[in-house]
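Participant: Please take these sequences and the hints and turn them into a complete structure.
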Amino acid sequence: MRALTWHGKHDVRVDTVDDPEILNPRDAIIKITATAICGSDLHLYDGYIPTMKAGDILGHEFMGEVVETGAQSTLAKGQRVVVPFTIACGSCYHCGKHQYSACDNGNPADNQDIGMELYGQPMSGLFGYSHLTGGYAGGQAEYVRVPFSDVGPIVIPDGLDDEEVLFLSDILPTGWQAAENADIEPGDTVAVWGCGPVGLFAVQSAFLMGAARVIAIDHFPHRLELAKRFGAETINFEETKTYEALVEMTGGIGPDAVIDAVGLEAHGFFVDNVVDQIKASLMLGTDRIHSIRQAIVACRKGGRVSMPAVYGGIVDKFPLGAFMEKGLTLKTGQTSVQHYMPALLNAIVEGKIDTTFLISHRMGLEDAPKGYKMFHDNQNEVTKVVLKPGFTDTAIAAE
Amino acid sequence: MATVKDDSPIITDKSQATRDADNGTGEQIKGETLIGRTVTINRPRAELYAYWRDFAQLPTFMDNVERVDVLSPTRSHWVVKGPAGTSVEWDADIIEEREGELIAWASAENADVPNSGRIAFRDAGDRGTIVTATIVYDPPAGLVGKLIAKMFQREPAIQARRDLRRFKQLMEAGEIATSSRTRKQLEEEKA
Ligand SMILES: NC(=O)c1ccc[n+]([C@@H]2O[C@H](COP(=O)([O-])OP(=O)(O)OC[C@H]3O[C@@H](n4cnc5c(N)ncnc54)[C@H](O)[C@@H]3O)[C@@H](O)[C@H]2O)c1
Ligand SMILES: [Zn+2]
Ligand SMILES: [Zn+2]
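Residue numbers (my numbering), protein chains in the order written: chain A, 1 to 399; chain B, 1 to 191.
Keep in mind that the hints are not guaranteed to be accurate.
Keeping only pairs whose Cα atoms sit at most 25 Å apart, straight-line, the calculated BS3-like set for lysine-lysine is [to be verified]:
id: 1; chain 1: B; residue 1: 184; chain 2: A; residue 2: 388
id: 2; chain 1: A; residue 1: 326; chain 2: A; residue 2: 301
id: 3; chain 1: B; residue 1: 190; chain 2: A; residue 2: 53
Since the hints were made in silico from the structure, they are not lab data.
Facilitator: And the structure:
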């Protein structure tokens with residue numbers, strides 16, 4: 001089959017590799033019909049995530065048709081499914097608590113040592129996201145092997161287009177969990193850093209959870225426009241000082257909840273960010289944490305901090321004092337996708353959540369390297385790239 | 001060594017030889033090289049005990065054990081992988097057994113590498129069962145002994161830890177997780 005493989009920083013290629021096979025009773029093989037490039041993939045593309053190996057197949061947002069099933073799979077050939085990016089067994093203690101992204105058994109035993117070393121506990125398994133999280137082949141390919149197929153994939157009813165449901169695999173539940181982690185109370189003002197897919201879904205979710213106001217922060221005009229479409233007020237941090245603007249906009253109180261949907265590659269010419277970038281280039285640290293610093297400083301006293309954004313390492317100048325003195329609460333984590341999928345599928349069916357607005361580009365799998373480059377170089381216009389194996393119109397179809 | 005009250009690993013290496021270790025049941029074991037590890041498994045104690053008690057099933061999750069033949073209710077024959085396609089074999093006897101709680105075994109007298117192991121099971125309320133594995137072995141002197149010791153020390157602490165994780169996966173999820181994509185990759189990984 002053909003698959004998008006990682007070979008190093010800014011070097012991804014479409015290679016021919018062996019087809020996946022059923023290896024465990026609960027496995028299923030899915031023929032990919034649609035898969036997306038994620039902001040998290042850019043962290044891999046930019047070489048920020050350790051334990052990548054040349055030839056690793058990327059992609060953790062995907063869906064398709066069931067073409068083969070193991071003896072214990074509950075799926076049937078021909079079904080259309082969306083697959084969660086978190087690989088969870090459904091039967092360990094954490095899965096029992098619906099903490100699917102903390103599953104004990106998704107990550108192969110030999111891969112768990114790295115997480116023990118780095119984080120004190122093994123990480124769970126994720127598709128296409130380095131060997132720290134299992135080394136599983138991802139779904140930016142023609143086919144993918146899906147373990148625990150009786151627990152993860154959700155069957156999609158007829159009549160729904162791929163593009164409407166694809167984001168159930170990651171970013172929609174991630175935006176939703178981000179809002180849920182902000183413990184929003186009716187009437188709250190919520191500030192969201194980052195108007196990428198995660199931030200934009202967090203904006204929508206925050207309103208659905210009762211936020212009176214959502215303030216979205218970014219520097220890309222087009223992305224800020226999308227946030228406005230859902231009723232958010234916006235701050236362009238290149239034109240306005242974010243902290244000062246937030247203080248003014250909230251009558252001096254500060255936002256009740258803050259959401260960092262930026263991540264370890266924060267943009268912008270801020271003093272702390274520049275220091276982080278120099279350190280990263282000297283291998284003294286990897287994460288640029290400007291957005292979470294700013295969110296903590298801007299948050300009101302006794303407020304909540306939600307951090308869907310991905311970080312990987314040990315960081316400097318974390319505003320621990322502000323965090324403590326203001327009595328803040330922080331919630332974060334990889335998304336427990338399986339927990340949110342059924343309700344969010346319903347919300348899509350009922351038209352409560354809009355998903356397709358996000359897709360700016362569609363292309364064939366063969367064009368995936370171009371898709372990465374575009375998503376990396378032009379974040380203003382390229383909000384989401386969806387790859388469809390066999391997509392013939394190679395002329396890039398902008399919306 | 002203090003009584004183990006949590007999941008922290010008890011791992012000692014040769015430099016800490018003959019150190020006593022608690023196996024999680026309040027009993028002491030002495031040995032040349034000792035590897036211990038505790039894991040909590042979300043299954044009933046009796047079920048875990050029953051699986052382990054059938055030694056022929058151990059190779060399913062013990063990666064370096066090729067085969068265990070059960071010769072009698074207490075005696076078994078172990079075939080363990082060595083480097084470059086070699087293998088080492090010995091007979092082992094169950095030396096202590098408490099239904100649902102504990103199994104201890106030791107190699108028979110003439111084994112090349114005297115070794116022993118024990119596995120203990122304790123209730124952990126709604127979290128299932130706390131399983132503690134302890135393996136002790138005593139590499140002989142001399143060149144052959146060195147070779148064999150080297151083989152055993154194919155990162156034995158890591159091996160034990162990974163074996164226990166695989167046992168957990170098998171018991172909780174019904175299968176052992178692999179990120180291989182093809183059968184061929186899976187076999188290469190196991191080799
Ligand atoms: N927790 C999870 O399970 C999970 C799942 C998916 C993605 N993520 C993470 O969420 C984050 C966002 O993902 P995405 O797909 O939306 O990424 P993205 O790269 O498309 O979006 C990030 C946005 O942040 C903006 N930004 C950069 N610096 C900023 C700053 N200083 N202030 C405000 N905005 C700034 C960028 O302009 C961009 O629009 C990433 O870190 C990603 O890895 C986490
Ligand atoms: Zn993603
Ligand atoms: Zn689990």
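Participant: For every hint, state whether the structure bears it out.
Facilitator: Cross-check of the supplied hints:
no., hint, result
1, B:184 - A:388, "violated, 28 Å"
2, A:326 - A:301, "holds, 5 Å"
3, B:190 - A:53, "holds, 19 Å"
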